[in-house]
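S.K.: Take a look at the letters that make up each chain.
2 protein chains.
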Amino acid sequence: MIRDRLTKLRGKMAEKGIDFYMVPTSDFHGSEYVDDFFKVREYFSGFTGSNGTLVVGCDMAGLWTDGRYFIQAEKELEGTGITLFRMLEEGVPDIPDFLKQNMKKGQTLGFDGRTVSCRDGKYLEKKLEGLDIRFSYEEDVAGELWQERPSLPKHEVMILPEEISGQSMEVKLSAVRNRIKAAGANYLMLSKLDDLMWLMNIRGSDVACNPVALSYGFITPEELYFFIQLEEVTDDFREYAVRNHIVIKDYKEVAEFLDGYDYEGKVLIDEGNINYALYKVLSERADCARASNPTEALKAIKNKTELSRMEEVYLEDSAVLIKFIYWLKKNVGKEKITEISAAEYLDRLRRKIDGFIDLSFPTISAYKENAAMMHYEALPESTKEIKAEGMLLVDSGGQYLGGTTDVTRTIVLGEISPEEKKHFTKVAVGMLQLSDARFLYGCTGRNLDILARQPLWDIGIDYKCGTGHGIGYILNVHEGPQSIRWRFAPGMKEAVIEEGMVISNEPGVYIEGSHGIRTENVIVANKGEKNANGQFMYFDTLTFVPIDMEAIDTAYMQPIDVERLNRYHAEVYRRTEKYLTEEERAWLKEATEPIEIQR
Amino acid sequence: MIRDRLTKLRGKMAEKGIDFYMVPTSDFHGSEYVDDFFKVREYFSGFTGSNGTLVVGCDMAGLWTDGRYFIQAEKELEGTGITLFRMLEEGVPDIPDFLKQNMKKGQTLGFDGRTVSCRDGKYLEKKLEGLDIRFSYEEDVAGELWQERPSLPKHEVMILPEEISGQSMEVKLSAVRNRIKAAGANYLMLSKLDDLMWLMNIRGSDVACNPVALSYGFITPEELYFFIQLEEVTDDFREYAVRNHIVIKDYKEVAEFLDGYDYEGKVLIDEGNINYALYKVLSERADCARASNPTEALKAIKNKTELSRMEEVYLEDSAVLIKFIYWLKKNVGKEKITEISAAEYLDRLRRKIDGFIDLSFPTISAYKENAAMMHYEALPESTKEIKAEGMLLVDSGGQYLGGTTDVTRTIVLGEISPEEKKHFTKVAVGMLQLSDARFLYGCTGRNLDILARQPLWDIGIDYKCGTGHGIGYILNVHEGPQSIRWRFAPGMKEAVIEEGMVISNEPGVYIEGSHGIRTENVIVANKGEKNANGQFMYFDTLTFVPIDMEAIDTAYMQPIDVERLNRYHAEVYRRTEKYLTEEERAWLKEATEPIEIQR
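Heads up: the protein sequence lines correspond to chains A and B, in order.
Every letter in the first sequence is one number past the one before it in the numbering used here, and letter 145, counting from 1, is 147.
Every letter in the second sequence is one number past the one before it in the numbering used here, and letter 177, counting from 1, is 179.
Possibly wrong hints are sitting among the right ones.
Computed footprint of chain B on chain A; a stretch qualifies when at least three of its residues, placed anywhere within it, have a C-beta under 8 Å from a C-beta of chain B [stated by the list, open to error]:
hint, stretch
1, 313-320
2, 532-546
Take a look, some chain B residues computed to stay more than 10 Å from chain A by CB distance [to be verified]:
hint, residue
3, G19
4, L90
5, E165
6, A185
7, G186
8, D272
9, L330
10, A374
11, K389
12, R440
13, G530
Keep in mind the hints are simulated off the structure, nothing from the lab.
We put the beta carbon where it would ideally sit given N, CA and C, even for glycine.
Hey, can you work out the whole structure from these sequences and the hints?
M.R.: See the structure below:
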């Protein structure tokens, strides 16, 4: 079947003069998750994993995917004739390198330019520079061959009332227009879905876990042209559009519109957040100013309404996690629980929370050594059974009308080693030390990262990722521009931490083949004392879930660390007990009992 | 007298068509200290402070200086007709702003272009852009009017043998040439004196506290043209020059030489370290590549010989400070001691150390509230008498054949307040925490700064400067590119901390009108464990002087802080006792006695 499909694709390629055709896994907006409509790569390769790119030549086909999927991909690609390229393994070229090595001068590379980011497209251009390669990116050559292709997701958009958004679209749009002007431009092209949702105070459900509608926005000094599938437009929204000078246009027509528009002045584009096809139209037709979307920085600073709703929903979400931990500890070893069934149990609890919309990402449930893989995904055929020993790492979150949550706890289920306790304690100490930071305004995540990492660096351990990322409000669980990390790759944004920014705080230890630990709270930056030395800042915590005392070894704690842990646990109990049953409350009381430091 | 001199200067200005003439306080290399020859500003203004710039117009004259000198300058300028401009005071324009406001279109600004840095000159150009101002910078108009002007300092250069330098000039020059090539250039213009001394393994004594010779270097693929006053050239150096392909040229002829040179390829220049006059010659005559001097980064990484000699000399220097503290504590209140006489006592002790060359900077001796001024300079007419109460801050260092030292201790002389103890303890805790850091290779000073600053930020205090600077080897006490600070001004260098870099670690508290505390050790970066997580780094300490226990309040310490202090004090005693008398040793024993944390 796959072979037939590839043959058809090659036929079409020959017809169009395309020598290599590339099928990534992406929608038109670089979303973290893609709908079935966008699974063209799966259709032509049979590989069902979430990450992978297919490259088809006239006499070869290759699939690139990452370590999570090597075993699964091998199985699924069997008999298809497609070669598996194991990403990041020694000697395995990445796609640009592969193309550079295998394409001949003057050949044509095809791909649907809407599914490739501007950055990746430009990188390909640069990589293949000397080869005089033609890029054919204006057609969805592969997708059009897909018989019985699902249609684009079409879900009606929802308008957030001001008691949920906290700020009218009018006010937001005027702030954005000021920034467009300040950047010396007249227009802004927005294809970052969460930015657009934030700006317009609307939400959609076209992308799993991200409450966004597939759409584009083009902001002029007077109008906002909003490109959306017309089936998603409700009467309410039409009315809302009139009130807010929104001109509704068909999602399909964006490229044509931008191609035909009569520009007077510069268009601000964010090269990190636009697809290659639209970038090409704009850069050919208009004078472009390159800058981050001004919406991103504004969206990151949560307003009072957003913050107070998040506070509330984080408590409910924390309570659900407490219920889950209690259930797990009580039942492990008594009934059959797997990584997946545990996650499902937790997801069910979360769904009961008032205002639940979706998960904010697929729950990570990783037992024992599986937790050492930072992006572990339990698969039905290989999910581990959870026994009364070792630890389970659960990283999860929900989308609610009150906000977006994200929390990780590593839960002790029985015997664990002294080393595991040491690592667990060091992680907790670092996490609490960062949460407790007092710092001068002007600090970025680079200044603060070491507060979380130092206890691990002290023992020669590192986690190979940042310490924290921004979190949306009823939006993506990962958002910028803020980030807590000690190193920034060239071109990476480094934003000052502003009052109202919501950030995760998630140090961890990942020991391959042995165990993985992560403890993640979500914190909010606040203004503290202002004096002659400047404006001091501090963090409030949103997450209130106990840190497993069974894995704490006070030998690795200073009195201040114990004091921080006790202070946190007292708050956990005080704030969440009202959501719990008698039984759960009794358990929580014990789990949050203050401890003394070992002398 | 001053009025007469100004009249003469104005006459010359009129003759040359100069409307405003500017006299800064600088030699031709931007050195931290200037010889009498360069005190043209003092000659024309009567103001003797170390920092100040005179601006003379046809009907005005103004002197700009900083807060340290306001009182002194007022007195010294009396009757001269020169207006005092109090730098950084509200409403006081800086010089570029003043000129912008007061110069008329088409006028001429004069200054000796050798005494103005390229950066400042270019900034002036930019600031005065719209006014069509001519810059007359090729003559020392004011200096030439100075009768009985001292001659340029002329001291013979000294060649460092390899047992002191640790690396031959040949090896260094070849490394530098590789970097010139890598930067796409053929030549390097060096006017940074310490870089040139380092490269050539020579030292001079033309600048107070900096063992450097006034000179320039121009490196071609084959030669090093070395511009120096011929009186400084010894027979030994002539021989050394022949062996090392150094072409000796007269210091005075550098501009002429560069103007007449036949360039084949680019000249690397460091705009941060070249004077405006030479910059103009080069930028007009040659194709310039702008980059930091490659010598700076190479010089910052001390070789094994340098490090082992520094270790030794830091012990002797530490012992001298211990002797001083012992003497001060014993005699305070019994004999008359002033800030200046205390400094002189310490300086005398230092001079006795084998290989002593000079102080590395004028000793700062600041009593009580004077210590709150970070750059306090005790002046003979106002020096404070030291009594058996409060604290004395002493920041000092020496130049020895074994290296350059820098150390600060704040010494308790009697009753101090609980607040002073709190601040003192927090400073010590931060200093020791930074010294004890373990961190991954790749960190810069920005990642680490918070380790020293956090204890102060925790109580809403900040010191408005960096935490640490690089330190030379028998060279300048301040050198780059490394630096420990939480913020970098735009354009400021941010260097990864490399093995072998020597850095100061000097947090402090400065409470205006009350007290000032600084505790400064010098530390060396080292490679530690290398594992799958990367290359870990740590610091060794060079400075071994007790931290005054009379100002330590263990209520502000965690057990780890006490442990660090005790560990440090044990080393102080172990390493320095052999340099001390019986009496001093007995005192040191007590001063470094381990303490217990208060429960």
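S.K.: Look at each hint and say if it fits the structure.
M.R.: Checked hints:
With 0 residues having a beta carbon nearer than 8 Å to a beta carbon of chain B, the stretch 313-320 of chain A misses the requirement of three or more and the stated coverage is violated. As drawn, the stretch 532-546 of chain A meets chain B at 4 residues by the rule of a beta-carbon pair under 8 Å; at three or more, the given contact holds. Non-interface status of G19/B relative to chain A is upheld: no Cβ of that chain comes within 10 Å, the nearest being about 41 Å off. Listed as a non-interface residue, L90/B keeps its Cβ farther than 10 Å from every Cβ of chain A; the least gap is roughly 15 Å.
The non-interface label for E165/B is consistent with chain A: the shortest C-beta to C-beta separation is roughly 36 Å, beyond 10 Å. Interface exclusion of A185/B from chain A stands, the closest Cβ pair being 19 Å apart, more than 10 Å. Under the 10 Å C-beta cut-off, the non-interface status given to G186/B relative to chain A holds; the minimum distance is some 20 Å. Even its closest Cβ contact with chain A, about 23 Å, leaves D272/B beyond 10 Å, as expected for a residue assigned away from the interface.
The claim that L330/B is not at the interface with chain A holds, since no C-beta of that chain comes within 10 Å of its own (minimum 31 Å). Every C-beta of chain A lies more than 10 Å from that of A374/B, the closest at about 12 Å, which supports listing it as non-interface. Residue-level check passed: K389/B sits 28 Å from the nearest beta carbon of chain A, beyond 10 Å. Separation of R440/B from chain A is inadequate, the least Cβ-Cβ distance of about 5 Å not exceeding the 10 Å criterion.
With a minimum CB-CB distance of about 8 Å to chain A, G530/B fails to clear the 10 Å threshold, and the non-interface call is violated.
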